[in-house]
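A.B. asks: Read left to right, the sequence shown gives residues 29 to 302 (the working numbering).
Derived from the structure by calculation, the hints contain no laboratory data. For clarity, every value in this text was computed on a predicted model and none was experimentally measured. Among the clues, some could well be false.
What the hints assert, rightly or not - Each computed BS3-like pair below joins lysine-lysine, with the alpha-carbon atoms no more than 27 Å apart:
#, residue 1, residue 2
1, LYS115, LYS175
2, LYS83, LYS208
3, LYS115, LYS235
4, LYS264, LYS235
5, LYS221, LYS176
6, LYS176, LYS208
To be verified - Each pair of labels, with its calculated beta carbon distance range:
#, residue 1, residue 2, range
7, THR85, TRP251, 31 to 37 Å
8, GLN268, LYS176, 17 to 23 Å
9, PRO76, LYS221, 35 to 41 Å
10, ARG258, LYS176, 27 to 33 Å
11, VAL267, THR236, 16 to 22 Å
C-beta atoms are modelled at their ideal positions from N, C-alpha and C, and glycine is treated no differently.
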Amino acid sequence: MLRIALHVLTAALLGAALSPSFAADKAVPDLSGFWQHGVGDFMYRDPPSGAGPIKRTGKPEDYAVNNHYQGDYNNPMLKPWAAKALKEAAMRDIAGLPESTPAATCRPGGVPGALLYLRPVQFLQEPHRVTILYQYDHQSRTIHLNKKHSENLQPSWYGESVGHYEGDTLIVDTIGVNDKSWTDHLGTPHTDKIHVIERYRVTNGGKTLEVHFSVDDPGTFNWTWSAILRYGRAGKEVVQIEEEVCAENNIGIPIPVADIDPISGATLRDPPPS
C-alpha cells in the first residue's frame, strides 16, 4: 500500500508542477493525455526501410491473442545464444507449457518492452523532464531533458533515458537497461549493452501517438533493427491511471528453483537418483 500511495502522490505532484504556458508552447509537441493500444495494435510493425523486428511464426488464427510466443529463431540477425533462447521459448509454447513472460511473472517490461503494455499510458511533460506512467503494475519512466548520460551507469530495469525535442518529435535515448527483460512479446532476449532510441510523434490530427524506435545490441543482434508502434487516444472513461497490481504467480507459472509447482502440485523436475 505504501508503494501505491507513493506512486499516486508522485503523479499528483508531477501534474501540479506542469506549467500551462509550457503545455501551450507551440515549439514543444503536446504528448499529454492518456494513450492506449488494443490487442490488434500492440505488435511491432516494420519500418519504412531497413531491418525490422523478429517476426511471429505459428498459426495465423493464433495472432489475435497475446499468449502465443513462437518467434522466428532462424532470423540471421540473431546471435547463436539469442536464437537458442528464442527457440526454447517457441518449443515451450508449442508444447502448451506456460511461458514465464515479464507480465506473467510481474517483471518490469524494460525498454523497449514497456511499449507493449495494453493498459493506458500517460505522459507528463515538464521543462526539464518527461515522465511516462504505465497503468500496468504502476510502472514509470523518467526522461531527462537537461542532462547527458551518466558515467559508470549501473544497469536497471528501465535504464537511463535522456531526451530532447526536434520539431514535433520527442527523441529518447536509453542505455543501462539490465538483461532481465525481453525486447518483444516473443521472448527475444538482450544484453545490458542494449541501446534504444525512441521517437514519439503525435499524428492523425492528434488521435495517434506514433513511436519509431531502433535497437542496437551487438551482443544479441548482428545488426541494428527498428520498428513502429502506434497508440490511440484512450477512451473517454479513462480519466486517470488506475490502481493495478500484478499478482505474482497467480496462474501457476513454474518456479525454476522449485521441485513442485505451488499452485498445481505438478512435479517440475525429475527426483534425484536414489
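A.B. asks: Against which earlier hints does the structure fall short, listed by number upward?
C.D. replies: Hints 1, 3, 7, 8 and 9 not satisfied by this model.
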